[in-house]
Amino acid sequence: MSSNSFAYNEQSGGGEATELGQEATSTISPSGAFGLFSSDLKKNEDLKQMLESNKDSAKLDAMKRIVGMIAKGKNASELFPAVVKNVASKNIEIKKLVYVYLVRYAEEQQDLALLSISTFQRALKDPNQLIRASALRVLSSIRVPIIVPIMMLAIKEAAADLSPYVRKNAAHAIQKLYSLDPEQKEMLIEVIEKLLKDKSILVAGSVVMAFEEVCPDRIDLIHKNYRKLCNLLVDVEEWGQVVIIHMLTRYARTQFVSPWREDDGLEDNEKSFYDSDDEQKEKTDKRKKPYTMDPDHRLLIRNTKPLLQSRNAAVVMAVAQLYWHISPKSEAGIISKSLVRLLRSNREVQYIVLQNIATMSIQRKGMFEPYLKSFYVRSTDPTMIKTLKLEILTNLANEANISTLLREFQTYVKSQDKQFAAATIQTIGRCAANISEVTDTCLSGLVCLLSNRDEIVVAESVVVIKKLLQMQPAQHGEIIKHMAKLLDSITVPVARASILWLIGENCERVPKIAPDVLRKMAKSFTSEDDLVKLQILNLGAKLYLTNSKQTKLLTQYILNLGKYDQNYDIRDRTRFIRQLIVPNEKSGALSKYAKKIFLAQKPAPLLESPFKDRDHFQLGTLSHTLNAKAAGYLELSNWPEVAPDPSVRNVEVIDLAKEWTPAGKAKNENPTKKFYSESEEEEDSSDSSSDSGSESGSESGEEDEEGDSSEDSSEDSSSEPESESGRQSDTENRRVAKRNSKTKGKGDSKDEKKENEKSKTSDSSNAESSSVEESSSDSESESESESESESRKVTKVSTPVFVPMKTHVLLHRMSGKGLAAHYSFPRQPCIFGDKMVSVQITLNNTTDKKIENIHIREKKLPIGMQMHVFNPIESLEPEGSITVSMGIDFCDSTQTASFQLCTKDDCFSVNIQPPVGELLLPVAMSEKDFKKEQGMLTGMNETSATIIAAPQNFPPSVILQKVINVANAGVVPSGQDNIHRFAAKTVHSGSLMLVTVELKEGSTAQLIINTEKTVIGSVLLRELKPVLSQG
Amino acid sequence: MIHSLFLINSSGDIFLEKHWKSVVSRSVCDYFFEAQERATEAENVPPVIPTPHHYLLSVYRHKIFFVAVIQTEVPPLFVIEFLHRVVDTFQDYFGVCSEPVIKDNVVVVYEVLEEMLDNGFPLATESNILKELIKPPTILRTVVNTITGSTNVGDQLPTGQLSVVPWRRTGVKYTNNEAYFDVVEEIDAIIDKSGSTITAEIQGVIDACVKLTGMPDLTLSFMNPRLLDDVSFHPCVRFKRWESERILSFIPPDGNFRLLSYHVSAQNLVAIPVYVKHNISFRDSSSLGRFEITVGPKQTMGKTIEGVIVTSQMPKGVLNMSLSPSQGTHTFDPVTKMLSWDVGKINPQKLPSLKGTVSLQAGASRPDENPTINLQFKIQQLAISGLKVNRLDMYGEKYKPFKGIKYMTKAGKFQVRT
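Sequences listed follow chains A and B, in order.
Take 1 as the starting number for the first sequence in full-length UniProt numbering and just add one per residue.
Take 1 as the starting number for the second sequence in full-length UniProt numbering and just add one per residue.
Treat the hints with caution; some may be incorrect.
Among chain A residues calculated to face chain B with C-beta under 8 Å, some are [to be verified]:
1) 341
2) 349
3) 1029
Calculated lysine to aspartate or glutamate pairs in the DMTMM-like style (CA-CA distance at most 25 Å, straight line) [stated by the list, open to error]:
4) A:418 - B:192
5) A:74 - B:192
6) B:337 - A:56
7) B:413 - B:188
8) A:85 - B:115
9) B:103 - A:56
Pair by pair, the computed Cβ-Cβ distance ranges are [claimed, not checked]:
10) B:225 - A:883: 44 to 52 Å
11) A:331 - B:225: 20 to 28 Å
12) B:275 - A:604: 45 to 53 Å
13) A:334 - B:137: 29 to 37 Å
14) A:334 - B:255: 27 to 35 Å
15) A:568 - B:331: 52 to 60 Å
16) B:275 - A:407: 37 to 45 Å
17) B:171 - A:911: 25 to 33 Å
18) A:444 - B:240: 56 to 64 Å
19) B:399 - A:946: 29 to 37 Å
20) A:882 - B:399: 34 to 42 Å
Think of the hints as simulated: they come from the structure by calculation, not from any bench.
Beta carbons are placed, not taken as given, at the ideal position from N, Cα and C, and that holds for glycine.
Chain B on its own, in the form it takes in the complex:
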């Protein structure tokens, strides 16, 4: 399956290579560089590149290309999904996944990669098990290791891999037993010029942070499970229980994990919590244009909208913008032509607005399209779909855990066309 892996940074240096079968020369990456040149932007590099003897499958995350080399037919999603899992694991281990961090921890990275694949076939990809095999570096441990000469490699062999619940490590102990669940919903929407919704849908996830002793068996039920139209589960969730009773029943992995992601059925109308009033105009004759946007709340169920950030990719002809916001700060990058306005909280009494002029390149023709506006925002303590957790129960262990559930709504891909 996966023959080799190359990590390439944005300036085109291969800074790590790992081979699981016989060695593939790094010159195979030249084909990748060619494709990269052709694509101009990193985002447009095709994920699958055929070369005479190999195929290069790549993912681009954190400004690093993870390029897998394969030789024979294999489902491309298999490789891509695995590469993403590798990135997730690195993030889990080191907090961030960046070139300097990987270079600093190259030995741990190598050990982890060694465990994740055997002969190119995934072996251990559950972070719970990996962490037992190879302990993630912490400052304290690094200090201890240098003094005592002990190692990051777990001296106990993980038994989780062999057990009936391969995602959970054994012998977990906590003094404070807690289980937190975050219900996070994202609104994806396209709003057209006149403010009417072209498409809008809600995608949600339940992320969990479970720190419970022993082998707890949890059940989580909803007040209104019918809302969930399409769901995907962490492997720990018992599918049969969900099918028959609409209850999530599971033995959780230890630590952070995504329990569930769901899609709210399309029949339900999506409440759009924000509106944007805009007036952007360029004139043919003059090299000045007018720019004015106002953001206001709409259908927020009485909650405040926070963390509002407005970004917009201005047309190439724009030279500069002189704007003044009523609140927050704004920046305009004359090179990338990216306008970004950090609004903060929306006060319904005094709506935030950004006004000013746009100066265009002299002689350049008027841009034929107004820029689209991308919106980010957050609303705490609200699941916009109305989803509510009914109760959380624990079986199999005797102590009383501390339980917490938090709701949040965020903007996903929220675009306003102007």
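Chain A extracted, bound-state conformation:
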């Protein structure tokens, strides 16, 4: 590939040189495009002065004028030294304009351009990511070969940058460097490999673009990232989506077996039924194996489907071609609706989409038949759109709809756009040829058109009739006679030639007319078009052979005329015919067969769609549009006979995407592995359940007898680093666990039910389980149900980790006339409703009198919020205190619940604003589940921040304590020392909220929150940040 594009570069260089040459002649005239002379020279002088002035405004003015010159295509290169001085300007706009100038002219003034490099090198180290990114952008755009090593270094560094935005720019820079110096390919591939592993949606599209440009044949780099790319796809920006989808289409065609084989599968089955031969049977057995789609193949097809709803036509088209090329034929139907929608767009989009539909509609008529009327032509359509629509209508025509279509065609034939009318006639011809029922109707219709006033229409009709008659000769003497008469009036050469050919071919059927026609033609021979002359010669020859008595002299006359014609083709033909038909002593053996040669049965022409041969190009590509291979076109390979090893896409344990290994698949491949993989899962599930303290690990069954030991064992079974923290809060844990085990039975069943419902409605949210589901065959159903039930457990609520309760003031005793109220969040599941957060309110009477009838009134709640109030308290003794609990459904928002706290005499307005961490319920989850869920909540659903943490914050116990203090989350046992994970779900909607704290070297830590509730997620992030960073 590299040599290929390298060669291309050279070629294009040559091309530019010639183009430049042309330019010298072609563009010198308009308004002195080259400012080499007089007035412009002076102007440039004053620009130089302005650039050297001290005032930014003067500089800016100058730069603006220079950019104006560049935009108009004028040469401003001589200002280079003056401009490049300003590269370090403080003014952002000047700087930007200088960049524009630099990128445009650096290639021409390489030595001077080097002066600016150090500025960019400095900027590459800037703490601001956007400045780093823009420095890299300009640096890599300066096409100066000397700085290749510097660029390489900068790219390598940027590829490891913390900011995804800088990494995105690094991916862009790869392509620039590659086009500047293809020698760097190997090094660049290394960078690409690294960036492909990037999990940021910002990077994905750009790096795949770089991959496509630099090393599209290194499909092996994709394997490990395939699933990640599929999952990120929806969140990537639209342009990146197009590139990734095209790449994945090619990938799929090399890695999976064809899903289309099913169609002929039935035949094979039958054969094997009758075959008794052992060897044969073995062979067919192999083929008989029912086709099951690789789950990865399915993953791609499923994850691209929502993109059909994109507003970007290019994305829709990309998905459409993906479905066309890699999905089972039965599923490709869904793309037609979206493609038809694109027809509402601008004419250019229509043009491309219609072309692709035309190709599709040849192979699979059924897909677009329901949308037949969408392809009806409007008189306002541009001609190219009209003809494409006609093409599609022709492809879609069948016995059922042809009568409606013909009626529609009748309108088109009368169109004022004659070119279009002619195309319609061609179309009618094709319909007539393809659908035998309507051939006669069409033919008579076309004959009617022969009397049309417009010559183009008549000519086109003649040509089409000729083709049709050729297909079914014999019965159409009348039509031929009619057409012979037309020769007097019609002037279009093609039509005249067609008529002459027809008469010649059928000269025996119209014995009287044919010689007469020849006579007339002989008279006008000299003034005819070359095309017609050739046919006159042919006609003469044919008549000479069949009816030499009448036409001998005429033919000789014509041959004499032809002998001295100006056109050598005609002279050639004349000589050839004379030798062949006029017997003389020199004539060879061939002349005996002259009649056979001239009057042989000719095969009827096939009226075919011009789009017939386009299907070997990938749809949606430039090559398909041009029907010619464009430079850099990558062939779509055929499906492999046997799928390459699918395990290459499995990612190491540490990696996020690991969970995508479907259990069922592993079983199929390697039956001995089955036991292990399943037991592993079991272990996992017991892990998660033992964590919640409800059940001990299966190994520790004996220890169960000792009352408290179950907790200890559960901690043991969780991984090492966690246990330390566990021990510290050991006692609390025990207490909590005990309490929990009492209520557990009830709560759990409720939760499970809810989860059931949830998994029903939002199937797609759980990509893994459904991926197995859809690709399942009977043999796999067992493992499938297993994995499904496992995934349901994922969001089981666990007991909250104990933290000292924080109380907040609800009503101060001063403003409450002696009544004081505090509220706190006990972090218990609310007894009033499972969407509510439980709130404890402690009321104190600080007066020396009894306070009577304390109750709540006038709830002013935002929409959707609900509140369950406590029962009115009849009286509160002086110095007495009482604690009541209530439930508030905050709808997963931090909006305040305002209400009035009333006593017998007074009313006090109070409000409760929940800290975001209290809107959560802890969830018990294994590390594996956590990663799986996290994998599904990337992209938009991820917020992250880097924090500088004080070293004393580093012990796991401290981090755990700090996070839990803020958020009511469950601890996920972690396999690594430096990563802490917490899982929770929101109370109202049950959306997962996953918190990851990853400690890095040098007292930094990465805080990542994954949740569908992005708003809450970002608030939580904001609250956690100071807590973790403070000392």
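Put chain B on the given structure of chain A with help from the hints.
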């Protein structure tokens, strides 16, 4: 990907060029001019033109050709869609996209183009982000800039591009928080000679103008979401919510944007709100023809039809027309042969009509086809498909926004064959 961009006006001058990789000589456009000559009409210039070393992909809008030069295989829609996005951005920035405006603002145009592509690959195409990078020119700002010497380039670097909601800028503040939604439906139809419908379908869009402080999270639900057969979303819409609950849930971009476009399922019969009675006849012998059209309401659900404009491309043989309308004004351009009649409102009691004679070129043969009639109209406060917004809620922010929803029905490509 995209190598260079040339802007060419209708008289064939290249008035702007921009290169993202090495410079491509503007002489490459000669191939384009050749194709343009061959096509006679601007509309018929093929969008993809191959040349020996490059490919030219073009779009034609606002009487300007935007010609992109590419060198290697790339999905053509990718380039075309991007060019349209460029035009949309210009329109967004300058109000109109025309040659003089682009020439006047050439620096801003250049800066915007620089940000939109990096090495020919789209970088920032969201107008919210672009506007933060490069502020659109306003009269006030131009005045301020000339006095103070400040610039159009945003001094704050946009963070939106890096955030989880790349389409919304951060730190938005309004004193009046408002969110307006326009449901606009267009009827595409072909009506045949006898007045029966050949095809008719409804396409709709919901355009939004959202000016809300902070990071609001909106949900919009419909009374009858089933009507929507095929939809395409702004990237901000959460697809999962739509799939499962048929609710539009989104964090909106700031300002104007198209939230949704939809197609109403074909099973529903489309109510055609207008009919046209026509009597157009040419005779072989005489050079005069008769012309008479009447427009009337039909299935309008009690609403008035406004803004009716009738246009028709007359056959080439027509010399002139002498017509008298019962209301409105009409014009006939003898060069382009375009008849246009601005009717205005339709009064059901007194139907508007246009009557008169057509004079044909002497000696020319009778045109074989009657002209098709194109119709434009508007009906306020009606979504012809019956689509209704149920409610709009806001989460994530504490203030109460002002909400408004407007319905409108328009003619799309509405043709009557005669």
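Query raised in the report: If you check the beta carbons of residue 444 of chain A and residue 240 of chain B, does the distance land in 56 to 64 Å?
Result: Since the Cβ atoms of residue 444 of chain A and residue 240 of chain B sit about 58 Å apart, the hinted range of 56 to 64 Å holds.
Query raised in the report: Measuring from beta carbon to beta carbon, are residue 334 of chain A and residue 137 of chain B in 29 to 37 Å?
Result: Since the Cβ atoms of residue 334 of chain A and residue 137 of chain B sit about 45 Å apart, the hinted range of 29 to 37 Å is violated.
**Report entry** Given pair status - residue 188 of chain B, residue 413 of chain B, alpha carbons within 25 Å
**Finding:** Measuring from Cα to Cα gives roughly 5 Å; hence the hint holds.
Query raised in the report: Would the hint on residue 1029 of chain A stand, with a C-beta cut-off of 8 Å toward chain B?
Result: 20 Å, violated
Query raised in the report: Range hint 37 to 45 Å: satisfied by the CB atoms of residue 275 of chain B and residue 407 of chain A?
Result: At 21 Å between Cβs, range violated.
**Report entry** Pairwise beta carbon distance, residue 331 of chain A to residue 225 of chain B, judged against the given window 20 to 28 Å
**Finding:** About 24 Å separates the Cβ atoms of residue 331 of chain A and residue 225 of chain B, which means 20 to 28 Å holds.
Query raised in the report: Given the hinted pair residue 418 of chain A and residue 192 of chain B, is their alpha-carbon gap at most 25 Å?
Result: Holds, because 21 Å separates the two Cα atoms, which is no more than 25 Å.
Query raised in the report: Are the Cα atoms of residue 74 of chain A and residue 192 of chain B separated by 25 Å or less?
Result: 55 Å, violated
Query - Distance restraint between residue 337 of chain B and residue 56 of chain A, which requires alpha-carbon spacing of 25 Å or less - result: Given pair residue 337 of chain B, residue 56 of chain A is violated - Cα atoms ~56 Å apart, limit 25 Å.
Requested in this report: Using the Cβ atoms, figure out if residue 275 of chain B sits within 45 to 53 Å of residue 604 of chain A.
Outcome: 48 Å, holds
Requested in this report: Return the status of the interface hint for residue 341 of chain A: holds when the least beta-carbon distance to chain B is below 8 Å, violated otherwise.
Outcome: Check passed: Cβ of residue 341 of chain A comes within 5 Å of chain B, closer than 8 Å.
Query raised in the report: Are residue 85 of chain A and residue 115 of chain B close enough, with their CA atoms no more than 25 Å apart?
Result: 23 Å, holds
Violated hints, in rising order: 3, 5, 6, 13 and 16; the structure is consistent with all others.
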